[in-house]
Amino acid sequence: MTADSEIVIDVRGLTKSFDGRVVVRDVSMQVRRGAIYGFLGPNGSGKTTTIRMLCGLLTPDEGAGTCLGYDIRTQADRIKRHVGYMTQRFSLYQDLSVRENLEFIARLYDVPAPVKTAAAMVRRLGLTGREDQLAGALSGGWKQRLALGACTLPNPQLLLLDEPTAGVDPKARREFWNEIHELAADGLTVLVSTHYMDEAERCHAIAYIAYGELLTQGSVAEVIEQSALHTYTVSGDDLNGVLHELGATPGIDMAAPFGASLHVSGRDAAALERAIAPFRKRKGLRWQRAEPSLEDVFIDLMARAKDNFQ
Amino acid sequence: MKLAARFTVPGFWLRTRAMLVKEFIQLRRDRVSFAMIIMIPLMQLVLFGYAINTTPRNLPTAVLMQESSDLGRSVLKALENTRYFRMVAQVHDEEAFDRLLASGEVLFAIEIPRGFERAVRRGERPTLLVAADATDPVAAGSALGALTQLVQTALQNDRALPDAGKLPFEIRQHARYNPAAVTALNIVPGLVGTILTMTMLIFTALSVTREVERGTMESLLAMPITPLEIMLGKIVPYIIVGFLQAALIIGTGMALFSVPVIGSLWLLGALSTLFIAANLAIGYSFSTVAQNQLQAVQMTMMFFLPNILLSGFMFPFAGMPAWAQWIGEFLPLTHYIRIVRAIMLKGSTLADVQYDAIALAGLMLVAMTIAVSRFRRTLD
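Same order as they appear, the protein sequences are chains A and B.
Letter by letter, the first sequence follows residues 1 to 310 in the numbering used here.
Letter by letter, the second sequence follows residues 1 to 380 in the numbering used here.
Since the hints were made in silico from the structure, they are not lab data.
All values derive from a computational prediction rather than experimental measurement.
For every residue, glycine included, the Cβ atom is placed at its ideal position computed from N, Cα and C.
A hint or two may mislead.
[Unchecked claim] Covered by chain B, per the in silico footprint, the following chain A stretches (three or more residues, Cβ under 8 Å):
| hint | stretch |
| --- | --- |
| 1 | 53-61 |
| 2 | 83-91 |
[Unchecked claim] If you want a taste of the chain B side facing chain A, the calculated C-beta under 10 Å gives, among others:
| hint | residue |
| --- | --- |
| 3 | 215 |
| 4 | 217 |
| 5 | 219 |
| 6 | 220 |
| 7 | 224 |
With these hints in hand, go ahead and build the complete structure from the sequences.
Structure below.
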């Protein structure tokens with residue numbers, strides 16, 4: 001582990017199917033040490049399956065690679081020692097107390113002084129005074145924080161977080177992300193799956209997966225640029241009626257309401273201009289060029305992927 | 001009147017029917033429940049109909065012939081003709097005679113004394129000893145009950161005997177180990193095994209499926225712990241629980257029903273631990289196969305039923321047909337019931353019960369191997 005040690009996850013061509021249905025197809029990715037890598041995609045797109053292949057919970061049908069320098073096919077046991085995996089579903093013991101859960105994990109990883117380590121984690125999480133409460137009795141936000149604490153307790157080098165903030169309120173979500181950034185600043189690499197766009201923008205790099213295919217990856221700016229999508233925002237009266245008309249116009253690939261305005265996008269700039277020309281003359285509508293949002297890009301990617309694979 | 005409309009009679013039937021249709025669909029999807037609906041009655045019918053026999057025949061019997069005489073042979077023949085006894089061993093000294101009974105290899109042992117024929121001819125009414133293992137009063141009882149009458153009928157036309165209204169010799173019955181045929185003496189040791197089987201199976205059968213159902217298994221698998229470590233960690237606490245349970249049953253049995261423990265308590269403790277571990281391993285292997293906790297409980301029930309019926313707990317083992325005895329040999333309870341009755345009531349030693357002890361250990365190892373190999377290390 002010399003120069004390459006800066007690359008923590010390095011996999012090529014990962015493919016996995018269940019009962020003949022391909023769930024992940026030819027996924028390759030590289031994640032640098034200390035990066036927060038956002039893994040985005042709709043439900044059922046293969047995010048969880050990919051994460052499970054990275055930590056040895058699933059064996060890929062095809063493809064290979066390393067995680068922390070260990071082969072994901074043959075060295076899953078080594079990987080498990082240095083990876084913290086937070087499952088989508090709360091997976092601590094609901095009928096154990098906060099402290100008992102943390103001590104159990106500390107002992108499984110053979111952490112020296114498990115009782116002290118668990119107590120330190122309780123303080124760090126701000127759960128002092130509630131360490132004897134059952135984990136199942138905590139609120140959703142606290143459960144997520146506790147689960148994150150449990151993952152980081154054995155000092156892993158890589159965190160795999162599978163939709164850690166699903167169903168958590170905005171304040172708890174923000175605190176959660178602050179914590180992730182602090183961990184990354186300490187040199188921990190974090191791969192986090194989500195389908196919240198605002199969370200994607202908090203990541204150093206993102207990858208977008210849909211229908212099992214990795215469609216794009218890079219920084220948020222790079223992803224938007226790569227999309228080559230041209231977008232206008234429209235505001236004015238009777239936007240709902242306009243939306244329906246726009247949606248049926250060739251040359252417009254996407255039209256969607258965003259609050260008091262519409263985002264209208266097309267892949268071909270000339271075709272888009274031709275298509276909206278009649279609408280621009282309408283009274284009461286204001287047209288403005290805009291950067292496509294990350295969501296525009298992803299919805300477009302998904303629509304294109306659907307054309308290709310479904 | 002919207003509210004009133006909601007409680008009309010057609011509405012009642014519609015909603016009930018909707019619920020009923022939903023239940024049928026779910027039942028059809030649940031293969032194990034479906035299998036249970038079919039298997040439990042079939043299993044009960046076959047076992048009760050073919051395997052269980054409360055007046056068992058062909059019971060294994062040993063013979064100690066102190067003399068070789070025509071009369072002795074015809075008496076044995078007559079005993080065999082009653083179809084209650086099946087001569088499986090000929091022994092030549094009393095030590096072997098006692099050992100066969102103590103080890104449970106035979107349920108009866110018949111001694112024809114030296115000078116038997118001569119004493120009969122002289123009209124001295126000598127004694128023919130029929131010793132029975134009465135740890136199971138049902139098995140021994142019906143044969144002993146009918147003995148004198150049957151032998152008399154069988155020997156009626158035997159020329160070797162002087163004619164007489166009654167038998168020219170006395171059959172002395174010796175119901176060993178439980179002379180008063182107290183049911184509690186038979187039931188309490190059997191209950192130790194039955195209760196342990198039920199509770200131990202359930203505990204571990206649920207252990208893995210519970211983790212899978214609650215979602216904790218996924219993160220457990222992602223942590224550095226091996227299947228063997230998980231299994232041992234889950235089994236050992238229940239060995240202690242099972243041990244306490246066994247102590248409770250035996251202690252209460254001693255206090256309330258004066259059930260003796262003639263043999264070594266240490267041996268009983270050691271072999272009980274083996275039996276507990278075997279059941280835990282079997283329960284654990286169920287839990288690696290079952291999809292959910294309900295299935296695990298159903299599997300336990302399906303396994304428990306033959307244990308109760310074929311182990312010799314309720315019905316005499318020796319009275320069952322060969323195929324049922326074969327199945328019984330693969331159930332840990334069969335071996336444990338022999339062990340626990342032998343140690344508590346007969347004072348048997350390890351040498352007497354070694355076959356059953358080895359069988360228990362073997363069954364435990366098979367179950368553990370299945371459990372560890374069936375345990376999925378990945379979610380594939």
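Hints violated by the structure (numbers, ascending): Of the numbered hints given earlier, the structure breaks none, since each of them holds.
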